[in-house]
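Peer 1: Residue numbers (the numbering used here), protein chains in the order written: chain A, 4 to 265; chain B, 922 to 1160; chain C, 1093 to 1477; chain D, 19 to 334; chain E, 7 to 315.
Hints were generated in silico from the structure; no laboratory data involved.
Among the hints, a few may not be true.
[Claimed, not checked] Pair by pair, the computed Cβ-Cβ distance ranges are:
1) P66(A) with K64(E): 38 to 48 Å
2) A196(D) with Q1280(C): 47 to 57 Å
3) R1153(B) with L180(E): 53 to 63 Å
4) L171(D) with R1002(B): 37 to 47 Å
5) Q61(E) with G208(D): 29 to 39 Å
6) P299(D) with Q1183(C): 36 to 46 Å
7) A262(E) with G208(D): 30 to 40 Å
8) Q1183(C) with P270(E): 22 to 32 Å
9) E77(A) with L180(E): 22 to 32 Å
10) F11(E) with P299(D): 50 to 60 Å
11) P225(A) with A196(D): 40 to 50 Å
Note that the structure is predicted; figures quoted are calculated from it, not measured.
For glycine and all other residues, C-beta sits at the position ideal for the given N, C-alpha and C.
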Amino acid sequence: MDSSTPKELSTILEVKNVTRRFGGLVAVNAVSFTVEEQEIFGLIGPNGAGKTTLFNIITGLLPPSQGELIYQGESITKCKAYQIASQGIARTFQNLRLFGNLSVLENVAIAHHIHYKTNLLKSLFGLPPTRLEEEETYNKSKELLSLMGLIDKQEQLARNLAYGDQRRLEIARALALKPKILLLDEPAAGMNPSEKLALSDLIRQIRSDFNLTVILIEHHVPLVMGLCDRIAVLDFGQLIALGQPEIVKNDPAVIEAYLGDE
Amino acid sequence: MDIKTPLLEIKNLYVNYGAIQALEDIDIVVYEGEIVTLIGANGAGKSTTLRAISRLIPPRRGQIVYQGINITRSRPDQVVRLGIAQSPEGRRVLARQTVLDNLKLGAYTRSDKLGIKSDLEKQFIIFPRLAERRHQLAGTLSGGEQQMLAIARAVMSKPKLLLLDEPSLGLAPQIVREIFSVIRQLNESGVTILLVEQNATLALQTATRGYVLEAGKLVLSGLASELLKDERVKQAYLG
Amino acid sequence: SQTNTPTTTTSNTQNSPASTSEAIPIGIAVAQTSNVSLLGQEQVVGAKIAEQFFNQKGGVNGKPIKLIFQDTAGDEQGTINAFNTLITQNQVVGIVGPTLSQQAFAADPIAERAGVPVLGPSNTAKGIPQIGNYIARVSAPVAVVAPNAVEEALKINPKIKKVAVFFAQNDAFSKSETETFQKTIKDQNLELVTVQKFQTTDTDFQTQATNAMNLAPDLIIISGLAADGGNLIKQLRELGYKGLIIGGNGLNTSNMFPVCQKLCDGVLIAQAYSPELDNEINKAFRQAYLAQNKKEPPQFSAQAFSGVQVFVEALTALDKKTPIKSLSLADLRSKLNQEILAGTYETPLGKIAFDPEGEIKQEQFFVAQIKVEPDGKNTKFNFLK
Amino acid sequence: MDFNIFLQQFLNGLSVGSVYAIFALGYTLVFSILGIINFAHGAIFTLGAYFVYFLIGGASGFNGWLSNAQLPFSFPFAIALLLGSVLAGLVAIIVERLAFKPLRERGADSLLTLVSSLGAAVFIVNLIQLLVGAEIYTFPDNIYGNLPVAINLGTVEKPVMVRTVQIIIFLVSALTLAVLTYLINSTKIGKALQAVAEDTTTASLLGINPEKYIVFTFFLSGFLGGMAGTLVGSSVSIAGPYFGITFGLKGLGVIVLGGLGNIPGAVIGGLIIGLAESFVPTDYSGYREAISFALLFIMLLVRPQGLLGRKRIQKV
Amino acid sequence: MSNFFTTYGFLIVSMILGAILGLSVYLPLMSGQLSLASPGFYALGGYIAAILSTQVFKYTGDLFPLPFLGLELLLTTVISAVLAILLGIPVLRLRGIYLAIATIAFVEILRILALNLDITGAAVGIFAIPQPFHSQIEYLWLAIPLLILSMIFLYRLEQIRVGRALRAIREDELASGAMGIDQTYYKVLSFTLGAILAGLVGVISAHFLNTWNARQGTFDASIIFLAFVLIGGSKTFVGPVIGGMILTALPEVLRAMAGTSGLPLPLANFLRDGRLIIFGFLIVIGSIFYPQGIITPELLKRIRWKKSV
Ligand SMILES: Nc1ncnc2c1ncn2[C@@H]1O[C@H](COP(=O)(O)OP(=O)(O)OP(=O)(O)O)[C@@H](O)[C@H]1O
Ligand SMILES: Nc1ncnc2c1ncn2[C@@H]1O[C@H](COP(=O)(O)OP(=O)(O)OP(=O)(O)O)[C@@H](O)[C@H]1O
Ligand SMILES: [Mg+2]
Ligand SMILES: [Mg+2]
């Protein structure tokens, strides 16, 4: 993208009428919304509403049955997962997908991959620019680990971490892609309330430090409400509400389908 | 309810993963009919404790006694036959089998056909989502649906002692409330429960007693209602 | 019992220091393991009988010979290793081996470069003696053996017109042999109705059999080895083929009898060896073999025996000219090679000699018809020629 | 093509195919539980045939350490078949305990079991060779009583011949298939086996003893392998210690074609390859061997899960 | 000593070639691809060399000129690479055992082709392949540089970005895509590099063995090559090198042991007759005692650490 041209629209991602079926089941049903640059956008809804499926579609792991995705003004509907990732959309996985047999540090270093383009031959010969690159990769990876509080565990194998730590590592790894959009699928699952609070501060900090947009799936309502600028609510694949937290919180349809009355 | 008979006793338990010491000198007692909760930060060793009880990892030292039987050297399946079931961390549903088959396998150790059938129906009433999806492969369920399945499957074995590792993980708030009411119901019907839970407030509200783990060591234990009021607990876990 | 075990007998000699200093080492490099070992084992037996026989007769002017066995394990790498070990470590004067032509192509050049005489006991492919001066063979090339059988078949049934040919395409020997058979068919003005290929590892031939039988051949010619050939014959007969069958040289072994049993009856086999050959040495060989194995000696054993015999006799002749003791190993090997090529030998294979390239000149070839007694138990070769 | 010729070739295909199928059934069974290929299956198949050969009173040849040995007693073929297969099953259990279990327990790369099972195969095959030599052993031709060697399904002028042994093999594979399918799909044992197949830890959390089922599976696979080896041996003789190994590679093709770990798939795959081979035009008979692999190759590109296999879903 | 080299020259060179073949299986395995196609490319390289040197190249003199050999190597590199890319793109979509079987099918199809074609000499194969050297040990001039180059190459590869990408694919292909790694590209890359190595070893082997036929590079070889990697250790390139050497030498070591004098008779007998029984047994034992292979990255780390202390 040419950044010198003034952009009037700050829309970064547009989900247009996206539908996904599995056999007879419609997991995502004609969902449309836009996400603005630098916002924290929440995606909530009951279990099986289609949230993760939507993430999979956005990141190119599943093709939509219908609909289109526009990222920074261009369609990415047909792109492969790795292309989407290298264009700046990173994610974490609800059912953790770490590189389990690699060290914590390597997990993060791998994601730096896309930022260095020295070719195979040059790097094979270990020419100075690649040496620098390698050093930089590890330094930056360590920075991210410190940020996520995992620096002490950098040598451990990822699969040996406790559940909550694995979630943090997922975030560190996604950040290493230097994404413009970060998709977090239940990042706070498996953390206790005070850890959740800390995480929510961290996400805010990341957003401003890294200048990125966050889309977040989370079932912990206080966290979502406190953190998100806008929230979309899915139920049975359909978008039933969209707007600021206060509005969504009091929407009867949302209360009926998701929050329940306490 | 007679809460003086210890159902499960963990004595002086040490567990290692290679060089890493995950549990150190743990003593836990669970009396019959109780709900006991285990809380602690990430990596404190909660899941490790449950794994040790189910015999998925060998302890380095210490003893686990269940109903007076030393199960420290038993096999996992023997432990299940004795009446201890677990809904494990990470759910571990059998991805390539249907929801129904997963539930039936939960009752593998039972042979009372009628009882199994009625229990199956009970699960479907508690979790209507599972009833809807009974012929879907478990691997394609959403995260929360899998969590429901994991809990229901553990219950299907009609355990005396049910180990739950973060049952509320990934569940929508409504379902979380439901799960906890199910836990209370189960307990009332005579199932003893050992609960690992991040949602400490809810856990302590539900439980009779609680233990607090920190970096592999027990740091606190007591009646749940007292722990709820404890300043240290409040600060560290209740947020 | 233990004494019947071929491998035990060698080690007796190999490990007793008394004979080591005296005895003249001759290498035997054949396939004692792998799926080629069916053939290799027969060669081991033949060679051992020779060792015992000639040592009893006084060896090489009083000096015993000692056979050193190195397993070639059925592949080229193994054969080269076996040759190398024999040549440099065991310091043999010459080598009988290897079992298969493909391996000969790999290992013989090694012996050639080292100047060690090699006698191929069963390498029948084209081009073996041409590998070099030191390479000769006691196995007649297929081109010489095969045509006889077709002639015999025509004598039995002059009305033969249509011929079907089968061959094992992954076996070098069968591949060469079938070419000869096919040429003979042309030369005899017969009609070649089909050529069916199979693999030596195949066991089921119903498809090929019925394919061929649909063309109503009067004669079927098979080039293969014992197990596959035997099965092919069996299945042809069971499926109702009534005409004559010729088996190539690879089927020339009693190993085939258990496979086709009664159904082997009447099969014509082209042979380079006949147990019934009437000479002293063959009688002795046959007797020894029968005593040990309770069955007629197969061609592979006879050829291995002959290989050892050629070495012994050439050594004896050489020793008479120049005492072997006085020669360095290198000289001994090269003189021995000349001596081998110069001599004539009365062997179980009949009278043989070599041309200057090392190709065998064998006087007699045979065609046998398999005869099974009505009880289906006793099977033997009836020699027609 | 003349109908009779077609029919003949079709039956040939089925009969060759049923040999592949009967080999593959035990092969695929182990895969369905452990998700690994047991290269020792071919060796156990061979071993079964030797066991039965000796149990019916056969004597060994001259080329092994056991030269000219014979059991002091003998059994009728049917009983020997059963006993021999049980012995083969026991050997399979030993192989599992020695070459599979330690690796599983030490958390080895699951590929390594390919190697260790190959080691076991090399061991067994060469042990056979050491003991009884590389000779060909044959069952007496009266083991099936007075059944005719072949049956003509056509007319006298236009015969369509089928060998009786092959019909027996076909029937036995069909029967085995039926029993295994019932066992796996409709019994509690089958469900437990599937659970073990997917995740042993989870299975044990459900009260299933995975080891028991793994041993059972190996026994069954060895039993079927031994029986198959005997039946095939009775059709084509036991052509030395490598007899069964030569089926290993094609067997691999068969089970992938039908769907790895899929029991009916093994039979369907076997029959299809048998048929395909029998319809290779005469002029291309040299390429017959390549047929199964070409089919397999195409199948893998088009439908990797095999004909009957279910696609592995992967939800993220 | 010279005696040693004449006896074991062949074996030493074979061991080095075994090490390189181990690397050729290891390369695709770096990205988690269990490809057993190496024997196919090995056979192909051998045929290229055999055909060129016996039917195409004309030369005078006693030794086969090295420039011709260079030409064979070059041509094999190109042909192997092209074939590997063409084969790799469709086939590498398969995973695990499925990929292994597809590549086995490829190897078998090549073998049947070789048996049926005239140019490959059918079952007899091609023989009288000319020699570039006077003795077998001199083949080290080819084998050692090739091994060292490949090892340096892999050493570097494991350190850099590309190596990390390969490891990521090996660990979790799906997640690696979500990390921006183009799986197809890297998988085909590692597969092709492995194919080239196998082809080059084929060229050397054809001369080295004097003859080439369809028995070279078959299914058995596939598994043996795999054993090189897994027993040696599949997590660092040192593993397959060591594994290739040990497993190539093992049968010959057993042969030598059987020949040592002074052994009790039954033992000597068993060592010789039961050589392959022992081989099979050792493979099982090796797998059990070295479930991660003999050489693991941790072991290397420890060695390095000891040295630096
Ligand atoms: N591959 C698939 N095949 C069939 N059904 C599927 C598949 N993937 C997802 N589904 C179904 O689609 C629905 C949406 O699933 P999804 O994972 O998107 O839910 P979710 O909103 O993320 O729920 P949760 O909060 O529980 O994680 C679920 O009912 C699930 O069972
Ligand atoms: N397989 C393993 N190998 C090595 N270390 C492990 C392994 N599993 C867990 N650990 C370590 O043991 C400690 C306790 O882990 P455990 O999973 O019991 O924690 P937990 O209390 O359940 O945490 P969480 O709330 O995140 O699930 C952690 O430090 C973890 O890193
Ligand atoms: Mg989800
Ligand atoms: Mg935990």
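Peer 1: Which of the numbered hints above does this structure break?
Peer 2: Violated: hints 1, 3, 4, 5, 6, 7, 11.
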